Amino acid sequence: MDIAKLEFLRGTLDVLILKALVWGPLHGYAVTKFIRRLSDDVLLLEEGTLYPALWRLESKGLVDAEWGLSENNRRAKFYRLTAVGRRQLRHEVRTWEAYAAAVAKVLGATQPLVPEKIA
Amino acid sequence: MTPTPIWRRYARMFGPDPAADVKEELSFHLQAKVDDLVAHGWQPQAARDEAERQFGDLHAVQNIGIRMGEKMERNKRLGDYWTDSLHDVRYTFRTLRRDPGFAAISVLILALAIGANIAVFSVVNTLLLRPLPFPDSRQLVWIAPPPTACGLSCATYSADAYEEFREQSRVYQGVTGYMAFSTPDNMRFTGRGEPEPATSFEVIGDFFQVLGVQPAMGRLFTQDESRGSHPIALLSNAYWRRQFASDPSIVGKAVELDGTPVTIVGVLPDSFDFGAVFSPGAKVDLFTPLDLNQERDWGNIVTLIGRLKPGATVAQALDDANRVAPNLYFNVKYPQTLGRYKGGLIPVPLKDYVTGKLRQSLIALWCAVGTILLIAGVNLSNLLLARAVARAKEFAVRGALGASRGRIVRQLLMESLVLSSAGGALGLGLALMLIGWLAHQGSVALPLLSSLRIDGQTLAWTILVAVFTAMLFGLLPGLRIAGGNLQEMLKDSGPGAGMGRKHERVRAGLVVFEVALACVLLVSAGLLLRSFVKVLDVDLGFQPDRAASIKVEYDDSAPTEEARQSKRGEIFQQVIARVSALPGVEAVGISDYLPLGPNREWDTPVPQGKIFSPGDLPDPLVYVITPGFIRAMGIHIRGRDFTWADGPHSERVVLINASAARVYWPGEDAVGKILMRDKEENHVVGVVDDVHEETVEGGTGSQIYYPAMQQGPSGAQLVIRTSLPPATLAASVLRALRELNPNQPAAEFRPIQTIVDRAVSPRRFFMLLVAAFAGLGLLLAALGIYGVISYSVTRQAQAIGIRMALGATAGHVQRQVLAGTLRLAFAGMALGTLLALAVAKLISSLLFATSSWDLPTYLGMALALLLVAALSGYIPARRASGVNPMEVLRSN
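Residue numbers (numbering that gives the first Met the number 0), protein chains in the order written: chain B, 0 to 118; chain A, 0 to 891.
Just so you know, the hints here were simulated from the structure itself, not pulled from any lab data. This one's a predicted model, so the numbers in the text were calculated from it and none came from an experiment. We put the CB at the ideal spot given by N, CA and C, even for glycine. Worth double-checking, as some hints may not be accurate.
Pairs of lysine to aspartate or glutamate residues, derived as EDC-like cross-links and limited to a Cα-Cα distance of at most 20 Å, are as follows [to be verified]:
#1 A:K22 <-> B:E65
#2 A:K341 <-> A:D618
#3 A:K22 <-> B:E45
#4 B:K32 <-> A:D48
#5 A:K22 <-> A:D48
#6 A:K70 <-> B:E65
#7 A:K75 <-> B:D63
Chain B is faced by these chain A residues, among others (derived, beta-carbon under 10 Å) [unchecked claim]:
#8 L25
#9 F27
#10 L29
#11 V37
#12 G40
#13 P43
#14 L57
#15 N74
In isolation and in its complexed conformation, chain B is listed as follows (with noise of 0.2 Å):
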């Protein structure tokens, strides 16, 4: 993946995150999963990446932390979504569709722009 799309996923992890907590508290791992699931695998190069952004969430106070036992009795580490975290997605998704319906519009255009006239 080259440096641009990188950076590019820096800013979208976390809320890819949020989001993977929506329907209650997962493990790190199983946030991995979710997002190279449903991204098919475009999304997260590295594994690890991942938490640091978790943890960062965690220190913002946008998620909770707890341990807990996973589906084969392991211990680990259970991230939870605050209500400060679901604010803060439903802000996220907002701006982000926002932005996406404008780059689209943009990126559509079948014509050069007519000058217009002065009123």
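With the hints as your guide, set chain A onto chain B.
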């Protein structure tokens, strides 16, 4: 997610471990990945390699995790601490609201103690700690001989000596000085309307430059302007505002002073207060350049102030002065005066000169307020301990519910911190009022008092004192409570149990300590009070009560000295006759000098026919007086007073004081003897009692009185002795003077008593403060005794009830309670007396004619303490004897 089962919850039993958490989290990730891959048919070893490859840089991620984890842990601890503290504060306010009486008393006690501390600190800070209000003030030195019996006259230098010293010294950037013998109201401002008195100081040209004072307007004097007469003046800021209504264009204008036009060249800044530094209690209105040429033959008149070169030390200055001193003439016209100042030029830091004498008093004062703080702290500790016992159950329950000891101690400390902060805030208010009042005590002759204020340092001190006090009185009850056995406290249902008794012993110990401290304060205050009374009892040699003085203007200008003398005699005779005729006036006289003023000496008269080696004869203090002055001042005389017949043409007559008579003619009667001043015979016609000069507490030296008709006085103070209160005469005296001389300014009509009051004002100031602190200490000690006795009565109510049921009388019960009280008081007094003896030794240099073992003081202290103790024990004793046995027995 399944919650962790209970047996796996002890992984972090010994506190959080972020590093282990991170490692565990990441290894879980890898393991889960490997499991997944194996499930998809990978070989285990290949699966592990693939998992690590997909993960990326495991090590780097782990390090980031550990760092972030530690930071989060720190923040969490800090957050917890704040949350807990906020919780403590809320809890404290709730507890205090439940007991407003306790809260009010504690805050009040603390406010008084802390307020006193702040006020005294700001005095100490202003007078001792803060540098003088001049730039680089540490370079400034005051140059004077070692302190001797004679006052300003030997602390000053002649114009010639000043110039030579300035010329030859190598360590100074500048040497300057001022005319030491300026008196209040020595000028008349005659510009407009009625003439008004003004106080002017003559200073050497570069006086302000050496001090580093910049003019607020206009310019300063130049060094050249102290040679030859220059009719110019600088105004003090206060005078400029008062007299000239802050006229912004005053510079360059001419005003009329003493009938001659004088040009105002500048206005000094508000921050410069000459009186506050050099002449405590005096207000100075304007400054004029000192004409060194004119003053050359006047003897020792200028003080010396030097500014050292950067880096030069006072010790170097002393060496330099010792080198220069032998080359100085008193007067270059007389070669025999060479070397007169040998050993007489000692530079000391200006700060030491200004406040050095007060150092000990101030330190004593500081210790006194420190003691007050200690007493207040012990008292509070006691109150809190009593409360803590009552709240033992609350703490036991909290402890049982999981609060750690540290947490409970913290809660108690928080309570004391809240109390002492409130006390500190209130105390700051009290101190502000006290300081505001002190700063305007112009009648207290203490330097720098007017610059008293609350500054950053004082605020810092306030916070320090408040926190220290909180620790002082919060820690002991906290530790005692936290150290107690929780189970025992929980079981301890009644106030009769063991825990209570143990606390009571601690509290009794505290009270004994408190009484002992109060004892020390009382003894110190008592000794200072005794000294003050002794000072007031000093026979001043004159009767200050029912006498007053006013400065009289006169014009004796005439072509010859003799004509001036006879003209002056006539004017004075007229004034005295006119004022004598006023109703209520008993005696009137004029002198150019009043007692307790700055010293001045002229020359060294020699008794006729006797030979003294040089230096054995004193330079007597000079008074130039008219007939009647001796009687008006109430000075006792043997021989005769001057009469109006002692004029310019009759034989020269003088009066001397008893000290002088003893030096000149020991064992003989001085009346009728002759004193020689060079070739001139002076007949001693009378001997008067010694009159205190300069200070009330110091001794007296030789004094000589000349008649105003034979010598030139340097002004005229009319002294009036009356049978009425002096103030009632003020208007009629001024009217009489105005009739004779329309130029007479509205000078202050000053009761002689105020001169004495002013002289003893520093001592009165310190004595009053220490006495107030002692009173406060006594009150606090009484409160402490009352608290302990009252509590023990409550605790023993049942026992008392039983005893009374068995036949003990009310009187019996009362006696027993009182005996307990007095036991505490006696223990405290025994300890206190020992402490006081040590302390009294330390303050012995502040005492006047009072031994530090002064028995009446100690007895008085004991009596006062016993009375107060008995009183504070009596109230609970009354309550104890009023116990109704049946009620008490039934209640349990």
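Evaluated hints:
Pair hint K22 (chain A) plus E65 (chain B) holds up; C-alpha atoms about 15 Å apart against a cutoff of 20 Å. With a C-alpha separation of about 18 Å, the suggested pair K341 (chain A) and D618 (chain A) falls inside the 20 Å cut-off, and the hint holds. The straight-line distance between the Cα atoms of K22 (chain A) and E45 (chain B) is roughly 18 Å, inside the 20 Å bound, and the hint therefore holds. Using a Cα cut-off of 20 Å, the hinted pair K32 (chain B) and D48 (chain A) holds, with the two alpha carbons roughly 18 Å apart.
Between K22 (chain A) and D48 (chain A), the direct Cα distance comes to roughly 18 Å. Compliance with the 20 Å bound is thereby established for this hinted pair. Our distance criterion of 20 Å between C-alpha atoms is met by K70 (chain A) and E65 (chain B), whose separation comes to about 18 Å. Of the pairs offered as hints, the one joining K75 (chain A) and D63 (chain B) holds, with about 13 Å between alpha carbons and a cut-off of 20 Å not exceeded. With its C-beta approaching chain B no nearer than about 7 Å, L25 (chain A) sits inside the 10 Å limit, and its interface hint holds.
With 10 Å as the threshold, the beta carbon of F27 (chain A) comes within range of chain B, its nearest partner Cβ sitting at about 5 Å, so the hint holds. The closest approach between the C-beta of L29 (chain A) and any C-beta of chain B is roughly 9 Å, which is under the 10 Å cut-off, so the hint is satisfied. Taking 10 Å as the C-beta contact cut-off toward chain B, the hint placing V37 (chain A) at the interface is violated, the least distance being around 12 Å. Given hint, G40 (chain A) at the interface with chain B, is violated; its Cβ is 18 Å from that chain's nearest Cβ, farther than 10 Å.
With a cut of 10 Å, the hint placing P43 (chain A) at the interface with chain B is violated, because the nearest CB-to-CB distance is about 16 Å. For the restraint placing L57 (chain A) at the interface with chain B, the shortest Cβ-Cβ distance is roughly 6 Å, inside the 10 Å limit, so the hint holds. Given hint, N74 (chain A) at the interface with chain B, holds; its Cβ is 8 Å from that chain's nearest Cβ, closer than 10 Å.
Hint compliance for this structure: hints 11, 12, 13 are not met, and every other hint is.
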